[in-house]
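The lines below spell out each chain.
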Amino acid sequence: MRTAAAALAIIAAWFAATTPTIARAQQTEPPARLAVIVHQSNPLANLSASDLRRIFLLETQNWPHGRKITVVLREKDQNEREEALRLICGMSAVDYDRHVLFQTFRGAAADGPRSIRTASAMLRFVFNAPGAIGYVHADEVDASVKVLRIDGFDISDPRYPFTLVPPRKGRPLEAP
Amino acid sequence: MRREFTLMIAVTIIVLALGTIVAYDLRQTAADANRLRERLSRGLELIDELQFTTQEVRRILLYALHTSDANRQLEYVEQSRRVDASVTQLLDHRASFDPSPQTEQHLDEFARAWRKYLVVRDEVIGLILERSLSESVALDENLGTARFNEVRRVIADLKSNFESEAARQVEQAQDHTERATFRLLMLVASALVATIVGMYLTNRRAALEKLLAIEARKGGILEAVPDPIISTDASGRIVEFNPAAERAFDISRAEALATQVESRILPQRFRGLLSTELASATDAAAQTSHRIEIVGMRRGGAEFPMELAVVTHRERDERMWTMHISDLTTRNQAAEQLRRAKEAAEAADRAKSDFLSTISHELRTPLHAVVGATNLLERAGLAAPALELVRLLRGSTTALLALVTDLLDYSRIEAGLTQLVLVRFALHGCIEDALDQVRDLAARKRLQLGYVIEPDVPAILVADESRVRQVLLNLLSNAVKFSDAGQVALRVRATRLDADNVVLTVRIEDTGRGIAAHLLPKLFQRFTQLDTTTNREHGGVGLGLAISEKLSALLGGSLTVDSTEGVGSTFTFSFTARADGPAGEIPSLDLSLAGLRVRCRLEPGIVAEQIHSLIDRWGAIAVGVQEASCDVVLADCDGPNLESRAPVIKVVWPPTPDHDVDDVPFSVVKPVRAQALFDAIATAAGRSDYARSLPSDPLPQFAADALAVLLVEDHDGNRQIAKLMLQELGLQADEAATGLEAIARAAERRYDVILMDLQMPGLDGLEATRRILAMRQDPAPVMVAMTASVTTTDEQRCRAAGLSIFLPKPVQLDALADVLATLVASVRP
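From first to last, the protein sequence lines are chains A and B. Quick note: the first sequence uses the working numbering, first residue 1, plus one each step. Quick note: the second sequence uses the working numbering, first residue 1, plus one each step.
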């Protein structure tokens, strides 16, 4: 009986050491935001959500300074791609892909967006490509890239539009 | 020697110090060179790395172009950038190889060119990622290639520049090292040379000193040698001439050198001889010395005999001769002196022997008269006190005569005048005669005296009986003289030499005082008595053993002695004789005692042994004491009286003036004579009625006219004695004092016997004999030589003259009686 209690206590202590941080983060930290990043050399500092949507939908293909825009997304089966497309473009990944296919087929766009597997790769891609635009979670941003303000709101601003909803457990990746 | 040593030490120290410095320098240089090489190799490595890395940066970009996957492209891009970083790193490491200012400049140039290229490269990366492939390729090919080529050029420049610089530095370092090495090598070499030179000088000096020492020593020897030594070369030119040679030939060394040796030291007539001799010496063994006796010549022409000992040796392939010259003048003189001395000594020796012989003879002649007179006096019927004096006189005279005889004997033996007279004789008789001579003394001391002859010893021998007897008597009398108790035993063995000849070995064993070992070697020296006290006690002059030994040698044997002090001595006398007749037979025994049973009750000892041996030989049976029956009993006179049914023969001591023979029916006297024992046993056993009369035969009495005798003797006394002796025998003799008188007498009347003295003044006995016999009377008178000196030559001369019988002087009555008795038988049968 005593042994069982001790074992339980140890297990409980382990859970206490690991789970409460998650719990605390969920409770104390503000909801994660999606940072829109570009090359440091990019003169642009602010972008409206609609312009951003057009860029992502490959409708705007060049930066104001003339450079070709390269949209960078996460890989097709990743949540980050799903949530970013939903936030920025207001559509599911499947819809987006259909849209991109249509655009390229139509000849409106030369290439589709580039797909990157991880957040750090996203950062480095944007760092290397002067015409690139991508996104990462706000807490993943580093100094190698430039974070755009959206609609005039800094990412730290509470009115910043792209706030991520944490995915619910057991929820299917594919939108219905 | 010491100076060289110090010098060498100094040189060694300097060389070591210099060597240390140079070696340190070399080591430093080598270390510098090593560091340089390391630095340069690091620099080159870095440059190569830069070259490789820069190309890698560009190459990786090409991979990025070949994929469409953004992730892969990004990987390549990242790779490229990482390499990029390593270039920066490399450049930061430039300090590690300590570049020269020029290299530094080149590196800066490179950094600039590289940065310029990187701008293009970054743009190309962007274009690739943004999928502007053709643009990126175009950019890379145009601007990128140009800039990259610039980078390559700079690196190539850098490299070639660095390499040439490095080569120069390495060359410099190498040069330095080589120089240091060379310096070290030079130093070692010079040290070696110095050492070798030093050693050479030291050795040379030592060798020189040694050589000088040897030279000095040889010079000293040459100087010191008292004999001339001359060395010549092969052609005979003198190269060495020592001071002794200068003296010997009266030529100075300076004069002698380089001149022909023959012309210097030899007289004209011998020149050429030496070179011939030398040539023959060449052919013989080279190193052995060759001796030549030759005549030498001094400067003035004086000649002297000399001996050359020539040795040949090689000196630098040239044959050299060294002659050692002995002046034979002195040696010859010495040899001559020696010869003369020897002759003188021999003459003196002969003179001594002659003197002894003459003296002995002269002594004997008057003694002759004394002995004769004493003999006659003894029989003259004197009263007891006078008779005692006469006996004493006779004893002393006999001793004196023996002594003189000894002296004569010895001198004769030494002078080599003694010659053997070989006669046929019975050994046992000879021994018994000798034993009889010492009988009285032995009896006085109660010494047992006897002899044993081994069965295989021949009974009859041919040898010089009188000499054998003389030796035996001598040894026996010594044995008896020096033994106070116990016994003296004589034992004879024979060893056959061949069919005829035997070596007889006589051992005379006594139980006397013995002789100390250290005195044994002196024993046979003449006139030596071991103890001066024995001289007084026993008399004699110490000639007996010396004579005996010489006689033994003369008789073909030897005389040795074996003695233990306090136990006794054994003298072993051997002589060679011819065996004449079978062994063991004792002659003149016509009866047989075979089977006779004899019981001996004798004390153990030589007498008992002798008797047993004789009984055995005669075939009689010795029976034990416990056996009842026997034919004869032999008993000691000193033993208890026996109750015996068998007749008893007593073995008795000889009669002495104060002890008469025991009055027993049968007796034998010690020492036992074989014949006497035989007779006694035969008589006692009833096998013979023959008994020898005791005492011995009385003198024969001749009828006055039985023989016509002429006595020729120059010495009045001796003639008188001889005449009295003849009268004693019942004969009347005519007298003659000289040879001439004798001849006259012989012419007047025919004599049966002429007793002729040999040594007479005027006409001597031999000549007189010859003349008397020349008268051719019939029958011719029997000529009897009376002489003191009978040698074989004398005897031959006597026989040649016609003197057939010898009567030794001084004439003894018994001997005269014997001779005359034989003559009576032959003259008047």
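One or more hints might be untrue.
[As the list claims (entries may be wrong)] Between beta-carbon pairs, the in silico distance windows are: (1) B:35 x A:139: 50 to 56 Å; (2) B:59 x A:41: 40 to 46 Å; (3) B:98 x A:43: 45 to 51 Å; (4) A:76 x B:82: 27 to 33 Å; (5) A:76 x B:98: 35 to 41 Å; (6) B:165 x A:41: 38 to 44 Å; (7) B:98 x A:139: 45 to 51 Å; (8) B:108 x A:64: 35 to 41 Å; (9) A:43 x B:168: 35 to 41 Å; (10) A:158 x B:108: 51 to 57 Å; (11) A:62 x B:167: 55 to 61 Å; (12) B:82 x A:110: 26 to 32 Å; (13) B:30 x A:41: 53 to 59 Å.
Note that these hints are calculated values from the structure, not bench results. A virtual CB, placed ideally from N, CA and C, is assigned to each residue, including glycine.
Outcome of the hint check:
1. B:35 x A:139: 50 to 56 Å: holds (53 Å)
2. B:59 x A:41: 40 to 46 Å: violated (26 Å)
3. B:98 x A:43: 45 to 51 Å: Because 46 Å falls inside the window, the suggested range holds.
4. A:76 x B:82: 27 to 33 Å: Because 29 Å falls inside the window, the suggested range holds.
5. A:76 x B:98: 35 to 41 Å: violated (56 Å)
6. B:165 x A:41: 38 to 44 Å: With a Cβ separation near 42 Å, residue 165 of chain B and residue 41 of chain A satisfy 38 to 44 Å, so the hint holds.
7. B:98 x A:139: 45 to 51 Å: Since residue 98 of chain B and residue 139 of chain A have Cβ atoms about 48 Å apart, the given range 45 to 51 Å holds.
8. B:108 x A:64: 35 to 41 Å: Hint holds: Cβ distance 39 Å, inside 35 to 41 Å.
9. A:43 x B:168: 35 to 41 Å: Given range 35 to 41 Å: violated, Cβ gap about 54 Å.
10. A:158 x B:108: 51 to 57 Å: With a Cβ separation near 52 Å, residue 158 of chain A and residue 108 of chain B satisfy 51 to 57 Å, so the hint holds.
11. A:62 x B:167: 55 to 61 Å: At roughly 57 Å between Cβ atoms, residue 167 of chain B and residue 62 of chain A fall inside 55 to 61 Å, so the hint holds.
12. B:82 x A:110: 26 to 32 Å: holds (31 Å)
13. B:30 x A:41: 53 to 59 Å: Check passed, 57 Å falls within 53 to 59 Å.
In this structure, the hints that do not hold are numbers 2, 5 and 9, in rising order.
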